Amino acid sequence: MGKVKTLDDLRKMREELKSKTALRDKSEHSEGMIQVKVAMATCCIASGSRETMNYLADELDKRNIEAVVTQTGCMGYCYAEPTIEVTIPGKEPVIFGYVDEKKADEIIEKYIRHGELVEGIIPMNYKNIEDTTK
Amino acid sequence: MKELSLHILDIAQNSVNAKAKTISITIDEQPDKNLLTIGFEDDGCGMDASTLARLNNPFFTTGNKKTGLGIPLLQQHAEAAGGELRVASQPGKGTQVLASFEYHHIDRQPMGDIVGTWIGLIRSYPHINWIYIHTKGANRFVLDLSEVREQLDGLPVNHPEVIQFLKSMMEENLNEL
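Quick note, the sequences are listed as chains A and B, same order.
Anchor point for the first sequence: position 13 equals 12 in numbering that gives the first Met the number 0, and the numbering is continuous, going up by one each time.
Anchor point for the second sequence: position 125 equals 124 in numbering that gives the first Met the number 0, and the numbering is continuous, going up by one each time.
If you are wondering where the hints come from, they were derived from the structure by calculation, not from laboratory data.
What you are looking at is a predicted structure, and each value in this text was computed from that prediction instead of being measured.
Any given hint could be a false lead.
[As the list claims (entries may be wrong)] Here are the simulated BS3-like pairs of lysine-lysine, each with C-alpha atoms no more than 30 Å apart in a straight line:
(1) B:Lys135 with B:Lys166
(2) A:Lys4 with B:Lys20
(3) B:Lys64 with B:Lys20
(4) B:Lys135 with B:Lys1
(5) B:Lys166 with A:Lys61
(6) B:Lys18 with B:Lys1
(7) A:Lys61 with A:Lys90
(8) A:Lys11 with B:Lys135
(9) B:Lys1 with A:Lys61
(10) B:Lys18 with B:Lys65
(11) B:Lys65 with A:Lys102
(12) A:Lys101 with B:Lys1
(13) A:Lys109 with B:Lys166
(14) B:Lys135 with A:Lys4
(15) B:Lys1 with B:Lys32
(16) B:Lys1 with A:Lys102
(17) A:Lys90 with B:Lys135
(18) B:Lys18 with B:Lys166
(19) B:Lys65 with B:Lys20
(20) B:Lys65 with B:Lys1
(21) B:Lys166 with A:Lys102
(22) A:Lys17 with B:Lys135
Produce the complete structure using the sequences and hints provided.
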């Protein structure tokens, strides 16, 4: 039983955590930060969005990138799940499709770090003929 | 869905959408009785009888899309594994969902990455009181996010290091079950 962690261990960790990290509840002042929304509806979950989300949250933290990772509902691109929306402050949101862990890594390194676009963007302003005649 | 834990992630979102403040997820594994049940209980807005009656229709949804597959998929998988799905709800009070499976049924899906599911839920909805109760035989593991909050004394539960702690705490405790 020795190594099983309990909430007491968490309490012991608390003060260390508090002094080590600048206190912030990311979700409450997220405007100036990079925002990553992972679509997490039935279609997305079935295609692996849970792994994508946990990977993004873990990796952004490991790589010291200040970002908020949240989830959202179905964005309507079910054919391209898992999909994520990345908003870099001051830029238009960009939606990426087919985001597995490998793609997520590429998005972090290229788009989030350096602003380079990567393959797999879903154009949001796309209209088909029927839409434009309305 | 390839894992029961993915269904859990999916169905829990229904409770979130119902504006629940407390959501409990109960997993009960009883191999000796050939029974596995997964229960959800929330204090969200609930549903009236006419909504309840349409839940297993894959084309019924209250969202802004045309399908509502979460409940029908879980029901299908439960029934394929010799079990069933029951939903009870009262408007203004909350909803209970109970899925049962034959534990040893060949078509019963594996539990999968339940820790990943729970961590994903806490990360996304840190302000909800998530209660996780996992029983295996006579052993039980309970993790109540409101107790975690008490220990944290103001530190956010979705703090990266707290998340890592909860993850390993859950993994180790579930291994002991």
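Can the restraint linking Lys101 of chain A and Lys1 of chain B be considered satisfied, given a maximum Cα separation of 30 Å? Holds, at about 21 Å.
Hint consistency between Lys135 of chain B and Lys166 of chain B [alpha-carbon to alpha-carbon, up to 30 Å]: Holds, at roughly 19 Å.
If you draw a straight line from the CA of Lys65 of chain B to the CA of Lys20 of chain B, is it 30 Å or shorter? holds, 27 Å
Holds or violated: Lys65 of chain B and Lys1 of chain B, Cα atoms, limit 30 Å. Given that 30 Å is the threshold and the Cα spacing comes to 23 Å, the pair holds.
Does Lys1 of chain B pair with Lys61 of chain A here, judged by a C-alpha cut-off of 30 Å? Since the Cα atoms of Lys1 of chain B and Lys61 of chain A sit roughly 29 Å apart, the hinted pair holds (cutoff 30 Å).
Lys18 of chain B paired with Lys166 of chain B [C-alpha distance capped at 30 Å]: Judged against 30 Å, a Cα distance of about 25 Å means the pair holds.
30 Å Cα cutoff - pair Lys18 of chain B, Lys1 of chain B: holds, 27 Å
Between Lys4 of chain A and Lys20 of chain B, is the straight-line Cα distance small enough, at 30 Å or below? Distance of about 26 Å is within 30 Å: holds.
Are the Cα atoms of Lys11 of chain A and Lys135 of chain B separated by 30 Å or less? It holds: about 29 Å lies between the C-alpha atoms, which stays within 30 Å.
Has the given pair, Lys18 of chain B with Lys65 of chain B, been kept, meaning a C-alpha gap of at most 30 Å? Distance of about 21 Å is within 30 Å: holds.
30 Å Cα cutoff - pair Lys90 of chain A, Lys135 of chain B: Roughly 49 Å between the alpha carbons, so the hint for Lys90 of chain A and Lys135 of chain B is violated.
For the pair supplied as a hint, Lys135 of chain B and Lys1 of chain B, confirm whether the alpha-carbon distance does not exceed 30 Å. holds, 21 Å
Violated hints for the displayed structure, listed by number in ascending order: 17 and 22.
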